[in-house]
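Turn these sequences into a full structure, and let the hints steer you where they fit.
Residues per chain, in single letters:
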Amino acid sequence: MDSAGREILGNIPAAHQVYFFIITWLSLAVFSAGILVRARLWFQGRTSPFLPTGQITAHTFVEHLRVFIIQTFVQPRLHTSTTGLAHVAIFWGFFVLFVGTNLVFLDHATPLSLLSGFFYLLFSLSLDLFGILMIVGLWIAAHRRFSDRGKVDYVPGYGPGLTLLAFIGVTGFLLEGSRMSLLGSQWFDFSPVGAVFATGFDYIIPDEAEKVSWHRRIWWLHVLLTFSFIAYLPFGRLLHAVTAPMHILAANRKPSGVLSTPYHLEDIESGSVTRAAPRVAADLHWTQLLSFDACTECGRCDDACPSLAVGSPLSPKNTVSELRQLLHQGKSFIQNRPLEEIVTSEAAWSCTTCGACTHACPVSIRPMDLLVESRRAILTSNRIEPGIKKTLNNLQETGNPFGFDPQSRLAWAADLPVDIQPTVLDPGIQCELLLWVGCWGSFDERGQKVTRALVTLLARAGVDYAVLGPEERCTGDSARRLGEEGLFQQMVISNIERFNQHGIRKIITACPHCLNSLGTEYREFGADLEVMHHSEFISTLFNEGSLQTDSSKTAETHERKITFHDPCYLGRHNGIFDAPRQVLSSLPGSSMVEMEASREKSRCCGAGGSNAWFDLGHGRGMNATRYQQAAATRAEVIATGCPFCLSMMEEAASGADETSTITVKDLAELVEERTHPFVVPGDNNR
Amino acid sequence: MSNIIVLTEHRDGAFEEVSFELLSEARRMARTKDGNVMAVVLGNGISNMVDELAGYGADRIFVADDARLAHYDPQIWQATLSALCQQEAPSLILLPATTTGEDLAARLAVTKNWPLYSRSTKIKFHRDQIQVVRPVYAGKLQETITSISGLTCLVTMIPGVIGVKPAESNTNATLVPIDVVLPIEKRIEVTGFVPADPHNLKLTEVDVIVAAGRGLGQAENVSLVKELAGLLGGAVGATRVVVDLGWLDRKTQIGQTGTTVKPRLYVACGISGATQHTIGMKDSSVIVAINTDPAAAIFNLADLSLNCDAVQLLPVLIDQCRMRGKTTDDRS
Numbered sequence: 001m002d003s004a005g006r007e008i009l010g011n012i013p014a015a016h017q018v019y020f021f022i023i024t025w026l027s028l029a030v031f032s033a034g035i036l037v038r039a040r041l042w043f044q045g046r047t048s049p050f051l052p053t054g055q056i057t058a059h060t061f062v063e064h065l066r067v068f069i070i071q072t073f074v075q076p077r078l079h080t081s082t083t084g085l086a087h088v089a090i091f092w093g094f095f096v097l098f099v100g101t102n103l104v105f106l107d108h109a110t111p112l113s114l115l116s117g118f119f120y121l122l123f124s125l126s127l128d129l130f131g132i133l134m135i136v137g138l139w140i141a142a143h144r145r146f147s148d149r150g151k152v153d154y155v156p157g158y159g160p161g162l163t164l165l166a167f168i169g170v171t172g173f174l175l176e177g178s179r180m181s182l183l184g185s186q187w188f189d190f191s192p193v194g195a196v197f198a199t200g201f202d203y204i205i206p207d208e209a210e211k212v213s214w215h216r217r218i219w220w221l222h223v224l225l226t227f228s229f230i231a232y233l234p235f236g237r238l239l240h241a242v243t244a245p246m247h248i249l250a251a252n253r254k255p256s257g258v259l260s261t262p263y264h265l266e267d268i269e270s271g272s273v274t275r276a277a278p279r280v281a282a283d284l285h286w287t288q289l290l291s292f293d294a295c296t297e298c299g300r301c302d303d304a305c306p307s308l309a310v311g312s313p314l315s316p317k318n319t320v321s322e323l324r325q326l327l328h329q330g331k332s333f334i335q336n337r338p339l340e341e342i343v344t345s346e347a348a349w350s351c352t353t354c355g356a357c358t359h360a361c362p363v364s365i366r367p368m369d370l371l372v373e374s375r376r377a378i379l380t381s382n383r384i385e386p387g388i389k390k391t392l393n394n395l396q397e398t399g400n401p402f403g404f405d406p407q408s409r410l411a412w413a414a415d416l417p418v419d420i421q422p423t424v425l426d427p428g429i430q431c432e433l434l435l436w437v438g439c440w441g442s443f444d445e446r447g448q449k450v451t452r453a454l455v456t457l458l459a460r461a462g463v464d465y466a467v468l469g470p471e472e473r474c475t476g477d478s479a480r481r482l483g484e485e486g487l488f489q490q491m492v493i494s495n496i497e498r499f500n501q502h503g504i505r506k507i508i509t510a511c512p513h514c515l516n517s518l519g520t521e522y523r524e525f526g527a528d529l530e531v532m533h534h535s536e537f538i539s540t541l542f543n544e545g546s547l548q549t550d551s552s553k554t555a556e557t558h559e560r561k562i563t564f565h566d567p568c569y570l571g572r573h574n575g576i577f578d579a580p581r582q583v584l585s586s587l588p589g590s591s592m593v594e595m596e597a598s599r600e601k602s603r604c605c606g607a608g609g610s611n612a613w614f615d616l617g618h619g620r621g622m623n624a625t626r627y628q629q630a631a632a633t634r635a636e637v638i639a640t641g642c643p644f645c646l647s648m649m650e651e652a653a654s655g656a657d658e659t660s661t662i663t664v665k666d667l668a669e670l671v672e673e674r675t676h677p678f679v680v681p682g683d684n685n686r
Numbered sequence: 001m002s003n004i005i006v007l008t009e010h011r012d013g014a015f016e017e018v019s020f021e022l023l024s025e026a027r028r029m030a031r032t033k034d035g036n037v038m039a040v041v042l043g044n045g046i047s048n049m050v051d052e053l054a055g056y057g058a059d060r061i062f063v064a065d066d067a068r069l070a071h072y073d074p075q076i077w078q079a080t081l082s083a084l085c086q087q088e089a090p091s092l093i094l095l096p097a098t099t100t101g102e103d104l105a106a107r108l109a110v111t112k113n114w115p116l117y118s119r120s121t122k123i124k125f126h127r128d129q130i131q132v133v134r135p136v137y138a139g140k141l142q143e144t145i146t147s148i149s150g151l152t153c154l155v156t157m158i159p160g161v162i163g164v165k166p167a168e169s170n171t172n173a174t175l176v177p178i179d180v181v182l183p184i185e186k187r188i189e190v191t192g193f194v195p196a197d198p199h200n201l202k203l204t205e206v207d208v209i210v211a212a213g214r215g216l217g218q219a220e221n222v223s224l225v226k227e228l229a230g231l232l233g234g235a236v237g238a239t240r241v242v243v244d245l246g247w248l249d250r251k252t253q254i255g256q257t258g259t260t261v262k263p264r265l266y267v268a269c270g271i272s273g274a275t276q277h278t279i280g281m282k283d284s285s286v287i288v289a290i291n292t293d294p295a296a297a298i299f300n301l302a303d304l305s306l307n308c309d310a311v312q313l314l315p316v317l318i319d320q321c322r323m324r325g326k327t328t329d330d331r332s
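These protein sequence lines are chains A and B, in that order.
According to the numbering used here, the first sequence is numbered sequentially starting from 1.
According to the numbering used here, the second sequence is numbered sequentially starting from 1.
Keep in mind that a hint or two might mislead.
To be verified - Simulated restraints, written as ranges between beta carbons of each label pair:
no.: 1; chain 1: A; residue 1: K389; chain 2: B; residue 2: K226; range: 49 to 57 Å
no.: 2; chain 1: B; residue 1: E189; chain 2: A; residue 2: Q407; range: 52 to 60 Å
no.: 3; chain 1: A; residue 1: D426; chain 2: B; residue 2: K262; range: 31 to 39 Å
no.: 4; chain 1: B; residue 1: P135; chain 2: A; residue 2: P338; range: 30 to 38 Å
no.: 5; chain 1: B; residue 1: S285; chain 2: A; residue 2: N543; range: 48 to 56 Å
no.: 6; chain 1: A; residue 1: D426; chain 2: B; residue 2: G246; range: 48 to 56 Å
no.: 7; chain 1: A; residue 1: Q501; chain 2: B; residue 2: T100; range: 36 to 44 Å
no.: 8; chain 1: A; residue 1: E341; chain 2: B; residue 2: A138; range: 24 to 32 Å
Don't read these hints as lab results, they were simulated from the structure.
No residue lacks a Cβ here, since even glycine has one placed at the ideal position from N, Cα and C.
Given below as structure tokens:
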């Protein structure tokens, strides 16, 4: 076996070899020039910090590499459809052939002797098998395109590149067959496809001299096709073979719920930063510009978008595509064309920042972030809907988006029995554990009920905690998602100052939006907080045994079915899927049933991204769609863990069929119903 | 010389409240300076109602009763009032900050080259100058302006702010008919007047809103709300759910993601009172809530809580309104 191997460029005359190398370098030069032209456009974007995640540490490096390997080589987001699997096949075929060809080059052009012995046989077998895999993949793609013509939406522009690739694959096998037929080999078993072709060759062209000239013709055909392909790559849609892996490696790896920080307020104040919001594409980060070229228009973002599904004038795919077209228009457009002309305000305001697009994208593009960037641009132009203006005014003046008097923040606690009353932090008092009530929990009639249920539970479990009361202010989440970065940062600074005054390190909250901003977005501004969703906290209380379920009330009634609606900011954005399920499934007399679209695939209720505060008239009915999905499980209770979702789902419930008996509850309320009551001495009403 | 001219406003044969507000305020001011208060009434077929103005302190009442003044014609009104100002040389001309008053004040200011302080909320004499207070920056700040002494000023006052001062009847009030003065070059022809249909008025402009909630049960019952709104001369409002169900148009939606309204009367029919809705109507002057659920949150806001089914109550209210409407019709 040690003798296994083959002669490289056998049967190719020396003069031909010279032309071959000239063509090689020519095609590589065209390829490099093409990539450089594109790269010059990407680098019109911001380059500081070089990676959007900021400082590259060992931890972030490993994280980038991990995701790169998974998304590039495993492509899990493509496994859901035949077309996606065809892509995986084409990719792997192409990748192995590409590596194989490079090995041939290294073996031939360097002193390294790679292709011999066992390794040669492995190489030979792999190339044959993966070559077939690629052709099968291309066949499925062609079949889909031609047999389902008119039925499927395929993206134009891929035809030439894929056809070239198919011809390269087929001529490659022809070449292998003709070589084996000409030179013979004792290792036919390790080139099964080549062996079939070789037998064919022997049969059609038995003459040795003919074999020599046919082998050269096919060799040239294969060479010319291959180098045309390489030269063409940067100019066609298959450019993504280069840009997608590049982007996946460099892309923003912050949690999807963390929006970019275009500037820090203190830099604006000191004058070192003068541009407060992106106005043109050049104000975006270079990796975002690269992402436009990485987009393959596969449309997975559009399929995932809940806003598009109800007819909003928003398509995450078109948003990215239009930005790519802008990129193709060149430098002056990147630098001068207002961003909002491309990402229209209708599209930008239709986004609920649910992050479904970001989580669906196989090449790590974040369309949601681009839509928020556009909101920032629109906001500086001051052409905004009155509802948005009102919300921002309210946040500025009252510290809550509703515009309620901040002094009435404790109204929810007014009628609570003394033993359940929360401790309100006085100035300067230190606090171990803070219950962050949030604006909905403080002011909204429905949210207040959830807060009361939650504090009842905390009292039952004997948890020592406090609330900020009239001192509490919005986290700024709404301001940031409305594009008002300055107001957001003002609120962040004053909140962090307040936390520091009280020595607060640990927070529980029933609002995933507060959880997201306090727990993840605040980090960048120097906060080091351990923020827990109430589902996580209740789950620990159950595990510790400090909270115990009470099955006495459920003995005679039938088991009720509960379905859990994953709030975007709890699940997708913060990865908390299990805690609420653990809590709900441990309730006596209840069983869990899952919606088809649950966990990562959960669909937005429609209120995220500050859509709770304004209405442009389109994109309504997201809550009704989600409600229908929940009702389809035949659950009696729709549980959730977010005040936005709660109010949206409840509204959908009241708008649905009147005979429906489905109730919508926060998980805290369900737990409160089914845990051992806290015995209040001398309170006979309970 | 501290004479004050007050332009009155009237509709359907009755003076608007703001006329009395301005007159009584002018009376109070004139007393400090020993000046005269002159009321101006322009219109058609109004002679028999002008006496009422004496009851609010007018010394002289200038009346131009003419068919050509039936509707507000900017040029004729300006020319007539201009001529009067020329003749009486007042130190202050008070106008209501209404569509007509604001328009006329601006026109006079330009032709006479007088200062105009629009949309004021307070006014007084400061020595021989006029001092007004007016909201600026969308009501965030109040600015105080003092006029240059000796200059005649035009001031428009926001209706409903100063209120009608206790009437100081003037038994010696004289009625002075004046002539209509026509403009030199007529550029505007007023061809008619189309009264606003309350249904088409913006929700922010109406005094009465009857709002529909999910508690009405079904789409057909919305007609009851529409009918009551029509009888009360108001408009129809809706909660988001009702709009989402397609029972009413989106522009009727009141609340967080709809319109914020402050009518004098808000009748909430079958509305539970979710914050997203109440945030848009909580500042209404009088809130009447009709709901079957005694624990409905809307009752916390309501001035009058009616714990019953709106679908049963509304026909009764409609009948009552119809009957009262009839008796009023009979009287007139």
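**Distance restraint hint 31 to 39 Å, applied to the beta-carbon atoms of D426/A and K262/B** = holds, 37 Å
**Item:** Distance restraint hint 49 to 57 Å, applied to the beta-carbon atoms of K389/A and K226/B
**Value:** violated, 31 Å
**Asked** Is it true that P135/B and P338/A lie within 30 to 38 Å of each other by Cβ?
**Response** For P135/B and P338/A the Cβ distance comes to about 35 Å; the hint holds.
**Item:** Range agreement (Cβ of Q407/A with Cβ of E189/B, hint 52 to 60 Å)
**Value:** holds, 57 Å
**Asked** Does 36 to 44 Å hold as the CB distance between Q501/A and T100/B, or does it fail?
**Response** Given range 36 to 44 Å: violated, Cβ gap about 57 Å.
**Message:** Between the beta carbons of S285/B and N543/A, is the distance compatible with 48 to 56 Å?
**Reply:** 54 Å Cβ-Cβ, so the 48 to 56 Å window holds.
**Message:** Range first: 24 to 32 Å. Now tell me if the beta carbons of E341/A and A138/B are that far apart.
**Reply:** holds, 30 Å
**Message:** Given the hint of 48 to 56 Å, is the C-beta distance from D426/A to G246/B inside that range or not?
**Reply:** Since D426/A and G246/B have Cβ atoms about 52 Å apart, the given range 48 to 56 Å holds.
In this structure, the earlier hints numbered 1, 7 are contradicted, and the remaining ones agree with it.
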